[in-house]
Amino acid sequence: MTIKNLVRKPGRTTVLTLLTAFLALAVFGGSVVVLSLRSGLNSLEARLGADIILVPSEAQSKVSFQNMFLQGTTGAFYMDASALDKALEVEGVEKAAPQTFLASLKADCCSIKIQVIGIDPEKDFTVQPWIARSLTRALGDMDVAVGCKVEAGIGEIIRIYEQRCKVVARLEATGTGLDTAVYCNMNTMNQLLKAAEEKGVSHKMASGDAVISAVYIKAKDGYDIDAVNSQLNSCVRKATAVRTRSMITGVSDSLAGVSRTVTILIIAVWLLAFIILLLAFVLIIRERAREFAVLRLLGASRGMLARTVLLESALCGLLGGVTGVGLSALLLFPFAQLIESALQLPYLMPDVINVVWLGLGTVLLSVIVAALSSVIAAYRLSRVDPGSALREGN
Amino acid sequence: MRKQSIPAIILFLISLTIIIGSQSFLSPCVHEDGTFGPCHWAGQALFGVGCALGVTAVLALCVNRARFGVYLSAMPLCTLGILTPGTLIGLCHMSTMQCRMVMQPAMIILFSVALLCALTGAILSARK
Amino acid sequence: MTIKAEKISKQYFRKTGSANYFYAVSPLSLEIRAGEVTLLMGRSGSGKTTLLNMLAGLLAPTEGRVWIGDTDLYSLDDKALSRLRSEKIGVIPQSRSAIDTLTVMENILLPAKLYGKPLPAESARQWMNELGIAHLQDARPAELSGGELRRMAIARAMIQGSDILLADEPTGDLDDENTSLVLSAFRAAAHAGKAVLLVTHEKDALNYADQVYHMSAGVIQPVDQNKEQS
Numbered sequence: 005m006t007i008k009n010l011v012r013k014p015g016r017t018t019v020l021t022l023l024t025a026f027l028a029l030a031v032f033g034g035s036v037v038v039l040s041l042r043s044g045l046n047s048l049e050a051r052l053g054a055d056i057i058l059v060p061s062e063a064q065s066k067v068s069f070q071n072m073f074l075q076g077t078t079g080a081f082y083m084d085a086s087a088l089d090k091a092l093e094v095e096g097v098e099k100a101a102p103q104t105f106l107a108s109l110k111a112d113c114c115s116i117k118i119q120v121i122g123i124d125p126e127k128d129f130t131v132q133p134w135i136a137r138s139l140t141r142a143l144g145d146m147d148v149a150v151g152c153k154v155e156a157g158i159g160e161i162i163r164i165y166e167q168r169c170k171v172v173a174r175l176e177a178t179g180t181g182l183d184t185a186v187y188c189n190m191n192t193m194n195q196l197l198k199a200a201e202e203k204g205v206s207h208k209m210a211s212g213d214a215v216i217s218a219v220y221i222k223a224k225d226g227y228d229i230d231a232v233n234s235q236l237n238s239c240v241r242k243a244t245a246v247r248t249r250s251m252i253t254g255v256s257d258s259l260a261g262v263s264r265t266v267t268i269l270i271i272a273v274w275l276l277a278f279i280i281l282l283l284a285f286v287l288i289i290r291e292r293a294r295e296f297a298v299l300r301l302l303g304a305s306r307g308m309l310a311r312t313v314l315l316e317s318a319l320c321g322l323l324g325g326v327t328g329v330g331l332s333a334l335l336l337f338p339f340a341q342l343i344e345s346a347l348q349l350p351y352l353m354p355d356v357i358n359v360v361w362l363g364l365g366t367v368l369l370s371v372i373v374a375a376l377s378s379v380i381a382a383y384r385l386s387r388v389d390p391g392s393a394l395r396e397g398n
Numbered sequence: 852m853r854k855q856s857i858p859a860i861i862l863f864l865i866s867l868t869i870i871i872g873s874q875s876f877l878s879p880c881v882h883e884d885g886t887f888g889p890c891h892w893a894g895q896a897l898f899g900v901g902c903a904l905g906v907t908a909v910l911a912l913c914v915n916r917a918r919f920g921v922y923l924s925a926m927p928l929c930t931l932g933i934l935t936p937g938t939l940i941g942l943c944h945m946s947t948m949q950c951r952m953v954m955q956p957a958m959i960i961l962f963s964v965a966l967l968c969a970l971t972g973a974i975l976s977a978r979k
Numbered sequence: 015m016t017i018k019a020e021k022i023s024k025q026y027f028r029k030t031g032s033a034n035y036f037y038a039v040s041p042l043s044l045e046i047r048a049g050e051v052t053l054l055m056g057r058s059g060s061g062k063t064t065l066l067n068m069l070a071g072l073l074a075p076t077e078g079r080v081w082i083g084d085t086d087l088y089s090l091d092d093k094a095l096s097r098l099r100s101e102k103i104g105v106i107p108q109s110r111s112a113i114d115t116l117t118v119m120e121n122i123l124l125p126a127k128l129y130g131k132p133l134p135a136e137s138a139r140q141w142m143n144e145l146g147i148a149h150l151q152d153a154r155p156a157e158l159s160g161g162e163l164r165r166m167a168i169a170r171a172m173i174q175g176s177d178i179l180l181a182d183e184p185t186g187d188l189d190d191e192n193t194s195l196v197l198s199a200f201r202a203a204a205h206a207g208k209a210v211l212l213v214t215h216e217k218d219a220l221n222y223a224d225q226v227y228h229m230s231a232g233v234i235q236p237v238d239q240n241k242e243q244s
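The listed protein sequences derive, respectively, from chains G, Z and B.
Residue 398 is where the first sequence ends in this note's numbering, and the numbering goes up by one at each step.
Residue 979 is where the second sequence ends in this note's numbering, and the numbering goes up by one at each step.
Residue 244 is where the third sequence ends in this note's numbering, and the numbering goes up by one at each step.
Careful: at least some of the hints might be erroneous.
[What the hints assert, rightly or not] For lysine-lysine, the following BS3-like pairs were computed, each having C-alpha atoms within a straight-line distance of at most 25 Å:
1) K242(G) / K99(G)
2) K224(G) / K127(G)
3) K90(G) / K203(G)
4) K127(B) / K13(G)
5) K198(G) / K127(G)
6) K99(G) / K854(Z)
Read the hints as simulated data drawn from the structure, not as lab findings.
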């Protein structure tokens, strides 16, 4: 009977279903985006496991450094490898690991520029633990590990400056700019640098000298990181020490902004949908008073009438919730990369189980909201006076 | 309007979106230096499949006797459209590129909806 | 089963005039016996429908009691009262009383369906046949004429209430042929032991009645049948 009522009044059912679908869409979509941003920030923090990053002075002005992390833009800047030793001499420095960056030309394979990052697998403590999750041995010479957004399979050869590099690992997603980069060891990097120079890409250093792009530094426990930072700034020439905290703070500030906007949006949609649903149900009362009077006449009790209204609206809520979640999943997942690029923030999708729970929760919520907004209608309709309601229609 | 022609109209609108989209807002990557990546050819192929689907949709609207068959023939066409970007014809090697970020998901969704439409149309016209 | 009204009245509040309350139905006692057809006649606005609703358990009287057998109708809670109405009382209201989303057949079986009882489809078909609406069983109420809807309501009441039938202008939309058809159906129902109350203007109904009342301004008076007919 409930289902027949819904099927045979398609207009009413569609409106109620669409309203709850809209609600579910906003709630589910919003939560997935906020969750993705949160896990993106966490993974950025994990990958920036250093306290301080020492980069050439020129890198700061180019802003390229932060963008490299957040959006995966390519960039390269160099300083003398001796900066590493100098940094290690500074008091309070526990660990220091070098990285060297190289932006590829458009390799014929990839038809785009990619960022190549050379690491020292033995010293590195930021990227190496992440690589180790996908590759149990150290990176060999001319081996590369690729970020999850580089579409190259294991065993494939990619050419960087005409050098053939073999892909030995695909890395897990981090939601940061690191996902678009290619990782190799220092030997490979030196060879690539040489090849680049032959191609006419100079890295502004006297050739032959070993170069690095950044030094990742971990401060010893008990030392004030700011003090170590300024110490580094004064001791290492032509280099600037940057606290990673400041980068993360910048990101988490924008994240808080986005989260707030999304939350306000969700609440607004909620209120709006709830009010519209409430109105819709109250309007339906007039239309249906007659129908319910007839049911009363035929011996239906008040409880039965109230149950009918609640069940109908809950079914609409269920239908709407499923539609909304489905629609929102259809937009969110295929276009995740587009959302990430538009937000320009670290963005890492929560795993499948969490998404499923979130979807189920949203559907449940839609059912509850739909049922709740029909409570007034259910009460009023169940109390309809059959005598006068039936007379009105005369 | 007859029930069986509604899927044909939707099918036609979808193929129109695919045809126009493959040349504009859903286009493959554009390289600054004017060279083409593999995704360019995927875009061209999608344009072609979109055109063929459009013609099929018009046929489904016009013919009366063989509508069921026309809807059936639209289904492998849609499958071809789903498989073209990425599976049959390669795309750029970076997920952040336009072709992987926009063209591929949008085309797969459009062709999937079209496939559902064709299926609905086939069922509706078979019942008659 | 006999339905007995004991000094029931219905007062309504009205703002205009000197007296704020007025009686729609003045205190009255009435007995509708099983096996008899009781007729209630009178002009519109005389309180007939109000009285019928009170007897049907749909409208609580301001004062007085309504007994069905040994049960005081308005001492029951809503659930029990609803159940009792469903089982004992068939009501045919004056206005249309079809659920538009159901077919004619589903409408007729609805009272049984509400309580999950076995559906009396066979007896429903029989009554539809008798009332000449058998061909409409799968039609929607919107496709029916007023007279057909009326006969649908009658068929529904006939198979619903096993003991008491309360009909408000059951012949209002019917032509002469169908009027006599319906009236003899009520007569037959009374023969089968039901208590039947007909609220009507129809003079023909007098031929089928055992007891006749006239109602005017909320007051009922028994009518001597022989006098009325002459």
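>> Tell me if the straight-line CA distance from K198(G) to K127(G) falls inside 25 Å.
In response: Judged against 25 Å, a Cα distance of about 23 Å means the pair holds.
> Taking 25 Å as the top limit, are the C-alpha atoms of K127(B) and K13(G) close enough?
Replying inline: 20 Å, holds
>> Given the hinted pair K242(G) and K99(G), is their Cα-Cα distance within 25 Å?
In response: 21 Å, holds
>> Would the hint linking K224(G) and K127(G) be met if the CA-CA limit is 25 Å?
In response: Holds - the C-alpha atoms of K127(G) and K224(G) are around 16 Å apart, at most 25 Å.
> Does the structure keep K99(G) and K854(Z) at a Cα separation of 25 Å or less?
Replying inline: Roughly 72 Å between the alpha carbons, so the hint for K99(G) and K854(Z) is violated.
> Given the hint that K90(G) pairs with K203(G), does the C-alpha gap stay at or below 25 Å?
Replying inline: Distance of about 32 Å is beyond 25 Å: violated.
In this structure, the earlier hints numbered 3 and 6 are contradicted, and the remaining ones agree with it.
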